[in-house]
Amino acid sequence: MSKLRPLHDRVIVKRLEEERVSAGGIVIPDSATEKQTRGKVVAAGEGRILEDGKVRPMSVKAGETVLFGKYAGQEIKIDGEELVFLKEDDIVAVLEG
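With the first letter of the sequence shown counted as 1, position 9 gets the number 9 in the UniProt record's numbering; the numbers rise by one all the way through.
Source of the hints: derived by calculation from the structure; they are not laboratory data.
Ideal placement from N, C-alpha and C gives every residue a C-beta, glycine not left out.
Mixed in with the good hints, there may be bad ones.
Label-pair ranges, simulated between beta-carbon atoms [as the list claims (entries may be wrong)]:
(1) L7 with G69: 13 to 23 Å
(2) V92 with G47: 14 to 24 Å
(3) G80 with D52: 37 to 47 Å
(4) D79 with R38: 15 to 25 Å
(5) P57 with L4: 30 to 40 Å
(6) E82 with L50: 25 to 35 Å
(7) I78 with E51: 25 to 35 Å
(8) K3 with D89: 16 to 26 Å
(9) P57 with A93: 17 to 27 Å
(10) G53 with R15: 29 to 39 Å
(11) G80 with R56: 32 to 42 Å
25 Å max Cα-Cα, derived PhoX-like pairs, lysine-lysine [unchecked claim]:
(12) K70 with K14
(13) K61 with K87
(14) K77 with K3
(15) K3 with K61
(16) K14 with K54
(17) K54 with K77
Produce the entire structure from the sequences given, and follow the hints as far as they go.
Here you go:
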């Protein structure tokens, strides 16, 4: 994949694969599944520029798994890989463990 460096408080996330089989063993087709709201941070910017010109560091970093809104961000395909560009504010939680 190309080297990407998001600017300021932007984050690039790769959606994680969702379960395609239900608890009862039924295979769920792609058309019936919802967009995954969990992803792995591929890259993060330096941080938000505050009104006084200082930079507030990002609260997420590459490699972390995050939760974000279903309709948040902008989807883009780079080198055949589907990625989501988000603002840091669109991320609601970091999954630990």
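Structure-based check of all given hints:
no., hint, result
1, L7 with G69: 13 to 23 Å, "holds (21 Å)"
2, V92 with G47: 14 to 24 Å, "holds (18 Å)"
3, G80 with D52: 37 to 47 Å, "holds (42 Å)"
4, D79 with R38: 15 to 25 Å, "holds (22 Å)"
5, P57 with L4: 30 to 40 Å, "violated (19 Å)"
6, E82 with L50: 25 to 35 Å, "holds (32 Å)"
7, I78 with E51: 25 to 35 Å, "holds (33 Å)"
8, K3 with D89: 16 to 26 Å, "holds (25 Å)"
9, P57 with A93: 17 to 27 Å, "holds (18 Å)"
10, G53 with R15: 29 to 39 Å, "holds (35 Å)"
11, G80 with R56: 32 to 42 Å, "holds (34 Å)"
12, K70 with K14, "holds (13 Å)"
13, K61 with K87, "holds (13 Å)"
14, K77 with K3, "holds (14 Å)"
15, K3 with K61, "holds (16 Å)"
16, K14 with K54, "violated (29 Å)"
17, K54 with K77, "violated (32 Å)"
Consistency with the previously given hints fails for numbers 5, 16 and 17, ordered from lowest to highest.
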